[in-house]
Amino acid sequence: MTSESASTPGIDGDYEALISTTDVELLKRAWRNEKAAPEILHFESALIQRIRGQIQLMEETVEEFSGSGIDPLSVSLYQMDLDRTQYLLRSYLRIRLQKIEKYTFHISNNSEVQSRLSGQEKGFARRCNEDLERHLEESVLSKLPDNYRDILKQSLISEENDMVPEPHLDTFVVCKSRRFLGPFQLDGSDELLEMKPDDLCIIHYKSIRERVQEGEIDLV
Amino acid sequence: MAKFYDMDDIITDEEVVSVVFEKAACGVGIDPSSETDSVEVGSKVELPFWLAHELQLRQAVSMNVPTCFNQKTRLEIQADSACVDLRSRCPFFYEFGCKIAPLVGVRTIGPLLLSAFKSRYKEVLTKAHTAAFPAASKHLTILTKEETNLYEAAQSSMTAFKRWRMGGPRFQRASVLGRKRKSTD
Amino acid sequence: MYGRKAFQLVKELASGEKGQLTPYNSDLFDQVTAECSQHHLELQSLIRKIQEEGLDVQTTRNSEHYGSLIHHLSLVRNKRCLMAYVYNRAEIIRSLIWKVGPVLPQEIQERLSHTEEEYFKRHSAALQSYMSRLDLDLTVDMVPPKDPYIQVRVLDDIGVVLSDDKTTNFARHSMHFLKRTDAEQFISRGLMEELTD
Chain A
1 MTSESASTPG
11 IDGDYEALIS
21 TTDVELLKRA
31 WRNEKAAPEI
41 LHFESALIQR
51 IRGQIQLMEE
61 TVEEFSGSGI
71 DPLSVSLYQM
81 DLDRTQYLLR
91 SYLRIRLQKI
101 EKYTFHISNN
111 SEVQSRLSGQ
121 EKGFARRCNE
131 DLERHLEESV
141 LSKLPDNYRD
151 ILKQSLISEE
161 NDMVPEPHLD
171 TFVVCKSRRF
181 LGPFQLDGSD
191 ELLEMKPDDL
201 CIIHYKSIRE
211 RVQEGEIDLV
Chain V
1 MAKFYDMDDI
11 ITDEEVVSVV
21 FEKAACGVGI
31 DPSSETDSVE
41 VGSKVELPFW
51 LAHELQLRQA
61 VSMNVPTCFN
71 QKTRLEIQAD
81 SACVDLRSRC
91 PFFYEFGCKI
101 APLVGVRTIG
111 PLLLSAFKSR
121 YKEVLTKAHT
131 AAFPAASKHL
141 TILTKEETNL
151 YEAAQSSMTA
161 FKRWRMGGPR
171 FQRASVLGRK
181 RKSTD
Chain S
1 MYGRKAFQLV
11 KELASGEKGQ
21 LTPYNSDLFD
31 QVTAECSQHH
41 LELQSLIRKI
51 QEEGLDVQTT
61 RNSEHYGSLI
71 HHLSLVRNKR
81 CLMAYVYNRA
91 EIIRSLIWKV
101 GPVLPQEIQE
111 RLSHTEEEYF
121 KRHSAALQSY
131 MSRLDLDLTV
141 DMVPPKDPYI
151 QVRVLDDIGV
161 VLSDDKTTNF
171 ARHSMHFLKR
181 TDAEQFISRG
191 LMEELTD
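Protein chains in written order, with our numbering: chain A, 1 to 220; chain V, 1 to 185; chain S, 1 to 197.
Since the hints were derived computationally from the structure, they do not count as laboratory data.
Mixed in with the good hints, there may be bad ones.
No more than 20 Å apart at the CA atoms, straight line, and that leaves these computed lysine to aspartate or glutamate pairs for EDC-like [stated by the list, open to error]:
#, chain 1, residue 1, chain 2, residue 2
1, A, Lys122, A, Glu133
2, S, Lys146, A, Asp81
3, S, Lys18, V, Glu146
4, V, Lys23, S, Glu42
5, S, Lys11, V, Asp6
6, A, Lys143, A, Glu130
7, V, Lys99, A, Asp162
8, A, Lys176, A, Glu159
9, S, Lys121, A, Glu133
10, A, Lys122, S, Asp135
11, S, Lys146, S, Asp182
12, A, Lys102, A, Glu137
13, S, Lys18, V, Asp8
14, V, Lys3, S, Glu91
15, V, Lys3, A, Glu159
16, S, Lys5, V, Asp9
17, A, Lys153, V, Asp9
18, V, Lys72, V, Glu54
Make the full structure from the sequences, and use the hints.
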């Protein structure tokens with residue numbers, strides 16, 4: 001794949017710059033980041049809206065072509081292109097749903113994380129939370145002594161919410177910088193790191209988290 | 001507690017440690033050698049880690065080094081780490097080691113875990129990529145749960161890679177449905 | 001030892017095959033909740049003793065205090081095991097929606113408790129309502145696409161199915177050339193298999 005090969009200046013570089021800004025390429029990048037990040041990232045609402053428009057357009061084109069006697073090979077090429085985009089979109093949305101399911105309690109108690117979700121995802125997260133809470137209450141909590149019935153605290157004397165599973169931000173990820181990043185400090189340590197474009201790095205997610213959100217570093 | 005629902009963590013916390021009571025406790029049935037329902041100061045009792053840990057935090061007991069980290073085991077591991085059966089000693093040897101190390105004040109536990117893991121990890125990966133199934137299964141029985149997870153991860157990525165290279169069916173029956181009919185491969 | 005039964009409950013689930021559901025062990029589960037009530041009774045009676053001696057419950061550190069502490073810790077531990085049992089099973093139950101669709105086969109349904117069945121239904125509905133608001137079915141396209149069409153063999157009598165304005169009779173053993181997204185759900189439910197050369 002062209003965008004994956006090492007970049008050389010000149011024509012190749014321009015071509016790469018061009019191809020890496022198509023919406024499908026942007027979706028692929030968002031999908032990879034979402035797949036590798038332990039926590040849920042900001043929903044790419046503008047991009048997703050554009051992609052859905054393009055998918056609709058492609059579907060219309062395929063339908064039109066296959067009705068008008070254009071040779072089947074070109075039609076099937078269009079169809080394959082469409083299929084790939086559809087897969088990326090569905091997979092992107094699915095990965096996010098699974099994170100919402102997994103960290104229901106964490107999300108419902110944290111407004112910052114909630115702000116990363118789309119409107120429809122927020123609705124889903126709310127129902128997830130209600131359903132799981134109700135299920136745990138009926139199956140377990142209602143059968144325990146009074147002071148031990150809370151769903152977020154182990155007992156009445158717990159000072160904080162000590163029952164909420166959270167994403168493991170300490171986990172290691174493989175990542176790649178989009179451009180030269182001069183020596184910068186890793187979050188939570190004194191070490192300095194310098195990254196050249198396309199250098200692969202294995203690093204604590206926590207320490208590059210901000211830069212992934214800002215789009216400077218991509219996860220692989 | 002981010003790991004509240006983590007089953008592996010729950011299982012690790014059930015490891016038995018021996019403690020000496022520094023405070024008496026009554027109305028409890030945890031000391032099988034006691035004829036009453038109370039534990040006297042100085043009694044030596046085996047408790048699961050979850051209970052021992054909380055009681056130590058409140059200075060009610062003091063914890064002894066568990067057998068899987070005592071001098072004898074440490075020497076054995078140092079001698080030939082790759083062949084020691086760690087699973088029968090403690091299924092979550094590394095996780096438990098990390099929990100116990102700061103509590104019992106034995107400085108050598110940390111370096112021991114690291115060196116054991118390093119030398120065994122190499123073995124795990126080589127076996128995962130090369131060994132035929134029957135040969136590997138014997139080796140598997142001495143691995144801790146953490147090592148088994150790594151082994152399985154390595155092996156499934158190898159299988160996935162082979163399948164990708166050879167082609168073949170990409171869609172499969174959901175594995176939760178059980179295997180009613182015989183496979184046609 | 002305190003908490004041993006609750007631990008066995010978790011152990012039983014954890015030692016099952018990954019992603020597979022063991023039958024809901026309501027027997028052992030109820031024994032653990034009974035143990036919780038027992039701990040609570042003994043804890044209360046120890047605290048009453050402290051109060052009867054005219055001592056302050058908050059600051060007293062006598063043998064009754066440590067006894068009640070042990071009961072409290074055991075209760076908390078039991079709660080953690082019970083919650084983890086139901087929570088981790090719920091995680092598997094949710095994954096079933098992706099694997100086999102919104103209707104559970106009998107063999108799996110038998111392993112669920114009544115509240116788990118309810119949870120499965122409610123969660124499927126939540127997912128369904130999300131997808132219909134999105135106007136996109138996310139349960140297809142689970143594997144990255146290669147060819148838009150694949151060759152399949154029918155393994156069970158499915159009967160006549162309508163798709164894309166065409167009706168096809170999927171009789172047992174018949175072979176078809178189908179759109180990937182149409183075949184996918186039949187394959188994961190074990191009704192068809194993909195053929196490759």
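Hints, verified against the model:
1. Restraint check for Lys122/A and Glu133/A: the C-alpha separation of about 16 Å stays at or below 20 Å, so the hint holds.
2. Proximity of Lys146/S to Asp81/A is assessed by CA-CA distance (about 10 Å); at most 20 Å being required, the pair is judged to hold.
3. Taking the CA atoms of Lys18/S and Glu146/V, the gap is near 15 Å; set against the 20 Å cutoff, the hint holds.
4. About 19 Å separates the Cα atoms of Lys23/V and Glu42/S, which keeps this hinted pair within 20 Å; it holds.
5. Straight-line distance between C-alpha atoms of Lys11/S and Asp6/V comes to about 12 Å, which keeps the hinted pair within the 20 Å bound.
6. The suggested pairing of Lys143/A with Glu130/A holds, with an alpha-carbon distance near 19 Å, which does not exceed 20 Å.
7. Distance restraint check for Lys99/V and Asp162/A: the Cα-Cα separation of roughly 18 Å lies within the 20 Å cut-off, and the hinted pair is therefore satisfied.
8. Taken as a hint, the Lys176/A and Glu159/A pair is broken in the structure, with Cα atoms around 41 Å apart against an allowance of 20 Å.
9. Distance check on the hinted pair: Lys121/S and Glu133/A sit about 15 Å apart at the alpha-carbon level, within 20 Å; holds.
10. For the proposed pair Lys122/A and Asp135/S, the alpha carbon gap of about 16 Å is at most 20 Å, so the pair holds.
11. For the suggested pair Lys146/S and Asp182/S, the alpha carbons sit about 14 Å apart, so the restraint of at most 20 Å is met.
12. For a cut-off of 20 Å, the pair hint linking Lys102/A to Glu137/A stands: about 18 Å separates their Cα positions.
13. This hinted pair checks out: Lys18/S and Asp8/V have alpha carbons roughly 13 Å apart, not beyond 20 Å.
14. For the proposed pair Lys3/V and Glu91/S, the alpha carbon gap of about 15 Å is at most 20 Å, so the pair holds.
15. Our distance criterion of 20 Å between C-alpha atoms is met by Lys3/V and Glu159/A, whose separation comes to about 17 Å.
16. The hinted pair formed by Lys5/S and Asp9/V meets the criterion: a straight-line CA distance of about 17 Å does not exceed 20 Å.
17. Taken as a hint, the Lys153/A and Asp9/V pair is honoured in the structure, with Cα atoms around 18 Å apart against an allowance of 20 Å.
18. For the given pair, Lys72/V sits about 27 Å from Glu54/V by alpha-carbon distance, which is inconsistent with the 20 Å threshold.
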